[in-house]
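2 protein chains.
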Amino acid sequence: MSDLIHFEDLAPGQEYDLGALTVTKDDIIEFAEEFDPQPFHLDEAAGKASILGGLAASGWHTASLVMRLLATGFLNKTAGRGSPGINELQWKRPVFPGDTLTAKAEVLETKAMRSKPDLGIASVRVTATNQHGVEVLKWENPILFARREAAP
Amino acid sequence: MSDLIHFEDLAPGQEYDLGALTVTKDDIIEFAEEFDPQPFHLDEAAGKASILGGLAASGWHTASLVMRLLATGFLNKTAGRGSPGINELQWKRPVFPGDTLTAKAEVLETKAMRSKPDLGIASVRVTATNQHGVEVLKWENPILFARREAAP
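In order, the protein sequence lines correspond to chains A and B. Quick note: the first sequence, position 94, residue 75 per this note's numbering, numbers continuous. Quick note: the second sequence, position 118, residue 99 per this note's numbering, numbers continuous.
This is chain A alone, in the form it adopts within the complex (with noise of 0.2 Å):
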């Protein structure tokens, strides 16, 4: 019996700490020159003048940040397969220099897939909130999980 977390294990209500990181300036920065070269992702003159407040982590930066602790304080405890697609990714804040995020996953809806019966699909809602208890990004996206025994 395998320990990771299966399709029969997820239930609409559930919800996963995905622990915490530290957004620094230069991890804005250098993720900015390399997918994102924006002026107010990647100077601090550009940031203030623009609508951001200050330079700011590209809304990308903050979504894979954020996928990381997906994977390491949930995916890569399950027998997931991957994702087809997000259905809303909002980001709400900026996200500045020394923001500390916190993550988690909730479980919405899971349903059995007709067309692949050793996998189930389950909703997954992602948030992340600042050290100040502000949300700044959001996500829903469908996950497949293999199944602990095919449906019939």
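To be clear, the hints were calculated from the coordinates, so they are not data collected in a lab. Be careful, since some hints might not be right.
Here are the simulated EDC-like pairs of lysine to aspartate or glutamate, each with C-alpha atoms no more than 20 Å apart in a straight line [what the hints assert, rightly or not]:
1) B:58 <-> A:15
2) A:119 <-> B:69
3) A:85 <-> A:-2
4) A:85 <-> A:116
5) A:119 <-> A:-4
6) A:29 <-> A:7
7) A:29 <-> A:11
8) B:119 <-> A:69
9) A:97 <-> A:130
10) B:58 <-> A:24
11) B:6 <-> A:15
12) A:58 <-> B:14
13) B:85 <-> A:15
14) A:73 <-> B:69
15) B:73 <-> A:69
16) A:119 <-> A:-2
17) B:29 <-> A:99
18) A:58 <-> B:15
19) B:92 <-> B:121
20) A:119 <-> B:121
21) A:58 <-> A:-11
22) A:58 <-> A:99
23) B:58 <-> B:-4
So, partial list: chain B residues that the calculated Cβ filter (under 10 Å) puts toward chain A [what the hints assert, rightly or not]:
24) 17
25) 31
26) 42
27) 49
28) 56
29) 61
30) 66
31) 69
Computed from a predicted model, the values in this text were never measured in an experiment. Beta carbons are placed, not taken as given, at the ideal position from N, Cα and C, and that holds for glycine.
Following the hints, put chain B in place on chain A, whose structure we already have.
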């Protein structure tokens, strides 16, 4: 008169070519180690055994790469002011080492913002296609743009 593309210059139906890039195996593994350490993004054998069919890029990696094309090929030629999120992000097919992704952005809709007379919002669809002509990624997001002149 600024050469940058402003809100007033955008109209539904406009398409912008964002250029192309090639994804390497080292890039895929490096991104996954930092942000998405699930086995099928880290290891050839695990990738082959997965429904992805081979070592494949994290969806967040693919999205971040396409974000680079969107920033360099479009946003940095505009008076873009950031985005509050993504309405729908679809990882339609796996991205494998050596794949070349070509991206484009299409303006779907534009509207003034009541709350901010110096900004407007455009709904933009971003798609990326691999060297076989197969769409691998799609997203839609609202993007803020400065207006040349504030709304009355």
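Consistency of the hints with the structure:
The hinted pair formed by residue 58 of chain B and residue 15 of chain A meets the criterion: a straight-line CA distance of about 18 Å does not exceed 20 Å. Between residue 119 of chain A and residue 69 of chain B the alpha-carbon distance is near 13 Å, which keeps this suggested pair within the 20 Å criterion. Taking the CA atoms of residue 85 of chain A and residue -2 of chain A, the gap is near 5 Å; set against the 20 Å cutoff, the hint holds. Distance restraint check for residue 85 of chain A and residue 116 of chain A: the Cα-Cα separation of roughly 11 Å lies within the 20 Å cut-off, and the hinted pair is therefore satisfied.
A distance of roughly 14 Å separates the Cα atoms of residue 119 of chain A and residue -4 of chain A; the hinted pair therefore holds under the 20 Å criterion. Using a Cα cut-off of 20 Å, the hinted pair residue 29 of chain A and residue 7 of chain A holds, with the two alpha carbons roughly 17 Å apart. For the hint linking residue 29 of chain A to residue 11 of chain A, the alpha-carbon distance of about 18 Å falls within 20 Å, and the restraint holds. A hinted pair counts as satisfied when its Cα atoms are at most 20 Å apart, and residue 119 of chain B with residue 69 of chain A qualifies at roughly 13 Å.
With a C-alpha separation of about 12 Å, the suggested pairing of residue 97 of chain A with residue 130 of chain A holds against the 20 Å cut-off. For the hint linking residue 58 of chain B to residue 24 of chain A, the alpha-carbon distance of about 17 Å falls within 20 Å, and the restraint holds. For the proposed pair residue 6 of chain B and residue 15 of chain A, the alpha carbon gap of about 17 Å is at most 20 Å, so the pair holds. Of the supplied pair hints, the one linking residue 58 of chain A and residue 14 of chain B holds, its CA atoms being roughly 16 Å apart against a limit of 20 Å.
Restraint check for residue 85 of chain B and residue 15 of chain A: the C-alpha separation of about 19 Å stays at or below 20 Å, so the hint holds. In summary, the hint linking residue 73 of chain A to residue 69 of chain B is supported, as the alpha carbons are separated by about 16 Å, within the 20 Å threshold. For the hint pairing residue 73 of chain B with residue 69 of chain A, the CA-to-CA distance comes to about 16 Å; that is within 20 Å, so the pair holds. Among the hinted pairs, residue 119 of chain A with residue -2 of chain A is consistent with the structure: their alpha-carbon atoms are about 14 Å apart, no more than 20 Å.
Under the criterion of a C-alpha separation no larger than 20 Å, the hint pairing residue 29 of chain B with residue 99 of chain A is consistent with the structure, at around 17 Å. A distance of roughly 18 Å separates the Cα atoms of residue 58 of chain A and residue 15 of chain B; the hinted pair therefore holds under the 20 Å criterion. Only pairs whose Cα atoms come within 20 Å are accepted, and residue 92 of chain B paired with residue 121 of chain B is accepted, the gap being roughly 15 Å. For a cut-off of 20 Å, the pair hint linking residue 119 of chain A to residue 121 of chain B stands: about 16 Å separates their Cα positions.
With a C-alpha separation of about 14 Å, the suggested pairing of residue 58 of chain A with residue -11 of chain A holds against the 20 Å cut-off. Between residue 58 of chain A and residue 99 of chain A the CA atoms are separated by roughly 18 Å; this keeps the pair inside 20 Å, and the hint holds. With a C-alpha separation of about 14 Å, the suggested pairing of residue 58 of chain B with residue -4 of chain B holds against the 20 Å cut-off. A cut of 10 Å between beta carbons decides the hint on residue 17 of chain B: the least distance to chain A is about 5 Å, and the hint holds.
Look at residue 31 of chain B: its Cβ gets to within about 7 Å of chain A, closer than 10 Å, so that hint holds up. About 8 Å separates the beta-carbon of residue 42 of chain B from the nearest beta-carbon of chain A, less than 10 Å, and the hint is met. For residue 49 of chain B, the suggested interface contact is upheld, since its CB lies about 5 Å from the closest CB of chain A, less than 10 Å. Satisfaction of the interface hint for residue 56 of chain B is found here, the shortest Cβ-Cβ separation to chain A being roughly 6 Å, below the 10 Å cut-off.
Because the smallest distance between the Cβ of residue 61 of chain B and any Cβ of chain A comes to about 7 Å, under 10 Å, the interface hint for this residue holds. Below 10 Å, beta-carbon pairs count as interface contacts, and residue 66 of chain B has one with chain A at about 4 Å; its hint therefore holds. Below 10 Å, beta-carbon pairs count as interface contacts, and residue 69 of chain B has one with chain A at about 6 Å; its hint therefore holds.
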